[in-house]
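Colleague: Keeping the supplied structure of chain A fixed, place chain B upon it in accordance with the hints.
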Amino acid sequence: EAGVTQFPSHSVIEKGQTVTLRCDPISGHDNLYWYRRVMGKEIKFLLHFVKESKQDESGMPNNRFLAERTGGTYSTLKVQPAELEDSGVYFCASSQFLQETQYFGPGTRLLVL
Amino acid sequence: DQQVKQNSPSLSVQEGRISILNCDYTNSMFDYFLWYKKYPAEGPTFLISISSIKDKNEDGRFTVFLNKSAKHLSLHIVPSQPGDSAVYFCAASGQGNDMRFGAGTRLTVKP
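So the protein lines, in turn, are chains A and B. The opening residue of the first sequence carries number 1 in my numbering; numbering runs sequentially from there. The opening residue of the second sequence carries number 1001 in my numbering; numbering runs sequentially from there.
Keep in mind that the hints were calculated from the coordinates and are not lab data. Treat the hints with caution; some may be incorrect.
As the list claims (entries may be wrong) - Simulated crosslink set (BS3-like; lysine-lysine; CA at most 27 angstroms straight-line): (1) B:Lys1110 <-> A:Lys41; (2) B:Lys1005 <-> B:Lys1037; (3) B:Lys1054 <-> B:Lys1068; (4) B:Lys1005 <-> B:Lys1110; (5) B:Lys1071 <-> B:Lys1005; (6) B:Lys1071 <-> B:Lys1056; (7) B:Lys1054 <-> B:Lys1005; (8) B:Lys1054 <-> B:Lys1037; (9) B:Lys1056 <-> B:Lys1005; (10) A:Lys44 <-> A:Lys78; (11) A:Lys41 <-> A:Lys54; (12) B:Lys1068 <-> A:Lys41; (13) B:Lys1056 <-> B:Lys1037; (14) A:Lys15 <-> A:Lys44; (15) A:Lys51 <-> B:Lys1056; (16) A:Lys41 <-> A:Lys78; (17) A:Lys78 <-> B:Lys1056; (18) A:Lys78 <-> A:Lys15; (19) A:Lys44 <-> A:Lys54; (20) B:Lys1071 <-> B:Lys1037; (21) A:Lys41 <-> B:Lys1005; (22) B:Lys1071 <-> A:Lys44; (23) B:Lys1005 <-> B:Lys1068; (24) B:Lys1110 <-> A:Lys44; (25) B:Lys1071 <-> A:Lys41; (26) A:Lys44 <-> B:Lys1005; (27) A:Lys15 <-> A:Lys51.
Said to hold, decoys possible - Covered by chain B, per the in silico footprint, the following chain A stretches (three or more residues, Cβ under 8 angstroms): (28) 41-51; (29) 95-103.
Quick reminder that beta carbons are idealized off the backbone N, C-alpha and C, glycines included.
Pulled out of the complex, with its shape left as it was, chain A reads as follows:
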């Protein structure tokens, strides 16, 4: 069974540019989560989808971040315009409906210069 995949693995952009990160969850997993780890510190929750609906987006830092999950399959996280403090590793995780254990992707390393 394929795990959670994320694309790209790395992204280097300039301040003010736009970047779109993609996450493909494990097939059949209704729950999809986005997390961010900044400066090697704790992993912070960004938002949670149940199928195509946003269940909780309380962790989204500001309106420069937009997450979508059209069709309830893969998800995208767009940062527009990117700022220096957006640099970090963005993780996606998925889980089955009503299951607690989340399975993580390898992360996308974003560097904003």
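Modeller: Frame of chain A, contents of chain B only:
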């Protein structure tokens, strides 16, 4: 607000000895706790979990203990192996399934 805390950023143990990683939480609504292991340049990998109705869960060399009254959990690895060297994250979730993570503890197991 850091609801899950791992106060030790690093831990070094000798191969074969026990590794004990600690985690404290503040939110009494958390009812499920997990440990993840992370190698460099990889995503966190699920290791072991425990529900709040239990106080111990064991899986091979890994045991997680939960003390609800103290809002404290710990991960015991025995015997420790060099391949266990990684960053370990404690995580907790409540009704909404949204996890909160600690800052991680870097474990180094020396041969």
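Colleague: If a hint holds in the structure, say so; if it does not, say that too.
Modeller: Comparing the hints with the structure gives:
Distance hint between Lys1110 of chain B and Lys41 of chain A is fulfilled; the C-alpha atoms sit about 24 angstroms from each other, no more than 27 angstroms. For the suggested pair Lys1005 of chain B and Lys1037 of chain B, the alpha carbons sit about 16 angstroms apart, so the restraint of at most 27 angstroms is met. For the given pair, Lys1054 of chain B sits about 9 angstroms from Lys1068 of chain B by alpha-carbon distance, which is consistent with the 27 angstroms threshold. Straight-line distance between C-alpha atoms of Lys1005 of chain B and Lys1110 of chain B comes to about 25 angstroms, which keeps the hinted pair within the 27 angstroms bound.
Simply put, Lys1071 of chain B and Lys1005 of chain B have alpha-carbon atoms about 11 angstroms apart, close enough for the 27 angstroms limit, and the pair holds. At roughly 14 angstroms between alpha-carbon atoms, Lys1071 of chain B and Lys1056 of chain B fall within 27 angstroms of each other, so this suggested pair holds. For the hint pairing Lys1054 of chain B with Lys1005 of chain B, the CA-to-CA distance comes to about 21 angstroms; that is within 27 angstroms, so the pair holds. As the CA atoms of Lys1054 of chain B and Lys1037 of chain B are separated by approximately 22 angstroms, the hinted pair is consistent with the 27 angstroms bound.
Proximity of Lys1056 of chain B to Lys1005 of chain B is assessed by CA-CA distance (about 20 angstroms); at most 27 angstroms being required, the pair is judged to hold. Using a Cα cut-off of 27 angstroms, the hinted pair Lys44 of chain A and Lys78 of chain A holds, with the two alpha carbons roughly 17 angstroms apart. A hinted pair counts as satisfied when its Cα atoms are at most 27 angstroms apart, and Lys41 of chain A with Lys54 of chain A qualifies at roughly 26 angstroms. Between the alpha carbons of Lys1068 of chain B and Lys41 of chain A the distance comes to roughly 26 angstroms, so the proposed pair stays at or under 27 angstroms and holds.
Between Lys1056 of chain B and Lys1037 of chain B, the direct Cα distance comes to roughly 19 angstroms. Compliance with the 27 angstroms bound is thereby established for this hinted pair. Simply put, Lys15 of chain A and Lys44 of chain A have alpha-carbon atoms about 22 angstroms apart, close enough for the 27 angstroms limit, and the pair holds. Distance hint between Lys51 of chain A and Lys1056 of chain B is unfulfilled; the C-alpha atoms sit about 33 angstroms from each other, more than 27 angstroms. A distance of roughly 22 angstroms separates the Cα atoms of Lys41 of chain A and Lys78 of chain A; the hinted pair therefore holds under the 27 angstroms criterion.
Simply put, Lys78 of chain A and Lys1056 of chain B have alpha-carbon atoms about 41 angstroms apart, too far for the 27 angstroms limit, and the pair is violated. Simply put, Lys78 of chain A and Lys15 of chain A have alpha-carbon atoms about 14 angstroms apart, close enough for the 27 angstroms limit, and the pair holds. Note on Lys44 of chain A and Lys54 of chain A: the hinted pairing holds, with a Cα-Cα distance of about 17 angstroms set against a maximum of 27 angstroms. Simply put, Lys1071 of chain B and Lys1037 of chain B have alpha-carbon atoms about 21 angstroms apart, close enough for the 27 angstroms limit, and the pair holds.
Between Lys41 of chain A and Lys1005 of chain B the CA atoms are separated by roughly 12 angstroms; this keeps the pair inside 27 angstroms, and the hint holds. Only pairs whose Cα atoms come within 27 angstroms are accepted, and Lys1071 of chain B paired with Lys44 of chain A is accepted, the gap being roughly 20 angstroms. Note on Lys1005 of chain B and Lys1068 of chain B: the hinted pairing holds, with a Cα-Cα distance of about 15 angstroms set against a maximum of 27 angstroms. Our distance criterion of 27 angstroms between C-alpha atoms is broken by Lys1110 of chain B and Lys44 of chain A, whose separation comes to about 30 angstroms.
The hinted pair formed by Lys1071 of chain B and Lys41 of chain A meets the criterion: a straight-line CA distance of about 22 angstroms does not exceed 27 angstroms. Proximity of Lys44 of chain A to Lys1005 of chain B is assessed by CA-CA distance (about 13 angstroms); at most 27 angstroms being required, the pair is judged to hold. For a cut-off of 27 angstroms, the pair hint linking Lys15 of chain A to Lys51 of chain A is broken: about 32 angstroms separates their Cα positions. Look at the stretch 41-51 of chain A against chain B: 6 of its residues bring a Cβ nearer than 8 angstroms to a Cβ of that chain, three or more, so the hint holds.
Look at the stretch 95-103 of chain A against chain B: 5 of its residues bring a Cβ nearer than 8 angstroms to a Cβ of that chain, three or more, so the hint holds.
Of the numbered hints listed earlier, those contradicted by the structure are 15, 17, 24, 27.
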